[in-house]
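Combine both chains into one complex, guided by the hints.
Heads up: the sequence lines are chains A and B, in that order. So that you can map any letter, position 89 of the first sequence is 89 in the working numbering, and since no number is skipped, the others follow by simple counting. So that you can map any letter, position 48 of the second sequence is 48 in the working numbering, and since no number is skipped, the others follow by simple counting.
Mixed in with the good hints there might be a few duds.
[Said to hold, decoys possible] Residues from chain B that face chain A, not an exhaustive set, calculated with beta carbons under 10 Å:
| # | residue |
| --- | --- |
| 1 | 6 |
| 2 | 14 |
| 3 | 16 |
| 4 | 42 |
| 5 | 55 |
| 6 | 65 |
| 7 | 74 |
| 8 | 93 |
| 9 | 97 |
| 10 | 104 |
| 11 | 106 |
| 12 | 108 |
[Unchecked claim] Keeping only pairs whose Cα atoms sit at most 27 Å apart, straight-line, the calculated DSSO-like set for lysine-lysine is:
| # | chain 1 | residue 1 | chain 2 | residue 2 |
| --- | --- | --- | --- | --- |
| 13 | A | 49 | B | 98 |
| 14 | A | 101 | B | 24 |
| 15 | B | 24 | A | 49 |
| 16 | B | 98 | A | 58 |
| 17 | B | 98 | A | 101 |
| 18 | A | 49 | B | 78 |
FYI, nobody ran anything at the bench for these hints, they're computed from the structure. In this text, a Cβ means the ideal position worked out from N, Cα and C, and glycines have one as well.
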Amino acid sequence: AQSVAQPEDQVNVAEGNPLTVKCTYSVSGNPYLFWYVQYPNRGLQFLLKYITGDNLVKGSYGFEAEFNKSQTSFHLKKPSALVSDSALYFCAVRDLSNDYKLSFGAGTTVTVRA
Amino acid sequence: DAGVIQSPRHEVTEMGQEVTLRCKPISGHNSLFWYRQTMMRGLELLIYFNNNVPIDDSGMPEDRFSAKMPNASFSTLKIQPSEPRDSAVYFCASSLRKQGTGELFFGEGSRLTVL
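Okay, chain B solo, but in the shape it has when bound (with noise of 0.2 Å):
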C-alpha cells in the first residue's frame, strides 16, 4: 500500500495568494483528517470527514481556510489568501472509523511557507 499522499511536500509563497494542498488517503480508509503543526501550537485538528462528508470543522483557523473532500480517493485543503501566519506543516490523515479504536495514518506533510 501506498499509504496517504500528500502534495506538494514544499510550498513557498508570497502573502496573499492562494494555496492549494492535495491529499490522497489510504484506499478504503472513511475517515480522512487534516492536520497543522508549528513550534508553538502543535498539533491541531483543522477538520474531519467521514465518508466524505465533513463532520467537524471547528478547527479551522477562519474563512481564509477551506476543505474539500469531492470523493473517497481526494482532498484539497485551500488557503486564500494566505499570510505569513499560516506557515507551518500541514498533514492529512486517515482511517477506518471503528468506533474510536482505529489509528490513524499520517502522509509525509506538506510543508508552506508564506513570505
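Extracted from the complex, chain A is given alone in its bound form (with noise of 0.2 Å):
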C-alpha cells in the first residue's frame, strides 16, 4: 500500500525568507510523486512532479522540490516566500502497481507573514 505523511499541519514564515513543506512517502516500487496547492475555496493546483531523472524538480511559480530515495522524502521549497504562497499544501504518491490512484497527504498549511 502506499502512503503520504506530511509532519507538519502548518509552517509559518516571513516574507522573502526560505519555505520547507516537508513529505515522506510509503511506497513498495518506484514512486511517482506531486506537489498540489490549494487557495481557498478553489480546486488543487498542481505544482510539480517527480517521475523519474534528475532529484531537484522545479514547478510553477518558483517552487521546487527534491527527490530523496533514502529518506523516503520528497520536500517542497522555496528560496523566498511571497504573501501569495500562503495556501494549502498537499503531497501525492502513486506507484506503478497502481498506476491512476493518487494517495495524498493530510496537508500543510502555509502561512507567509508580511
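If you want it as C-alpha cells, here you go:
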C-alpha cells in the first residue's frame, strides 16, 4: 500500500525567507510524486512532479522539490516566500502497481507573514 | 482550455433530498476522478473512471452514492437520499492515463451542505 505523510500541519515563515514543506512517502516500488496547492475555496492546482531523472524538480511559481530515495522524502521548497504563497499544500504519491490512484497527504497550511 | 468544470459550486439541501453534482472534464482526458474533501478525513477518492468505464468505486461510502459517465465529456455524482454527514466539498478531476505519470487537473469543487 502507498501512503504519504506530511509531518507539519502548519508552517509559518516571514516573506522573503526560505520555505520548506516536508513530505515522506511509502510505496512498494518506484514512486511517482506530486505536489499540489489549494487556495481558499478553490480546487487543487498541480505544482510539480517527480517521475524519474534529476532529483531536483522545478515547478510553477518558483517552487522546487528534491527527491531523496534513501530518506523516502520529497520536500517542497521555495528560496524566497511571498505572502501570496499562503495556501494549503498537498503531497501525493502513486506507484506503478496502481497507476491511477494518487494517495494524498493530510496537507500543510503555509502562512507567509509580511 | 476551460479546465475541469463543475456545477453547482454551492448546494444547500435538506436531509433526504436527492443531490446531483456535475462535471465536465478537460477535452481529450481519458481518466476522471471524484474526490470528497472534509476537515476530518482530508481528500478521499470516491470513484475512478477510465474511458468512461468505472474502474474503482471502492471509495463510494454506501449505496446512497452513485456515479455515471455516459460519455467522455460528462459525469455525475448522485446522492440519494442525502444526509448531514455528506456535507463536504466534492471535487472532480481529470487526467491522461499515462502509466502513472499524468497529473490530475481539478475543478473548483461543489460545496454541499445538507441540513
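Now for the hints, and whether the structure bears them out:
| no. | hint | result |
| --- | --- | --- |
| 1 | 6 | 8 Å, holds |
| 2 | 14 | 23 Å, violated |
| 3 | 16 | 27 Å, violated |
| 4 | 42 | 5 Å, holds |
| 5 | 55 | 7 Å, holds |
| 6 | 65 | 18 Å, violated |
| 7 | 74 | 18 Å, violated |
| 8 | 93 | 8 Å, holds |
| 9 | 97 | 6 Å, holds |
| 10 | 104 | 6 Å, holds |
| 11 | 106 | 4 Å, holds |
| 12 | 108 | 5 Å, holds |
| 13 | A:49 x B:98 | 14 Å, holds |
| 14 | A:101 x B:24 | 20 Å, holds |
| 15 | B:24 x A:49 | 24 Å, holds |
| 16 | B:98 x A:58 | 20 Å, holds |
| 17 | B:98 x A:101 | 12 Å, holds |
| 18 | A:49 x B:78 | 32 Å, violated |
The earlier numbered hints that this structure contradicts are 2, 3, 6, 7 and 18.
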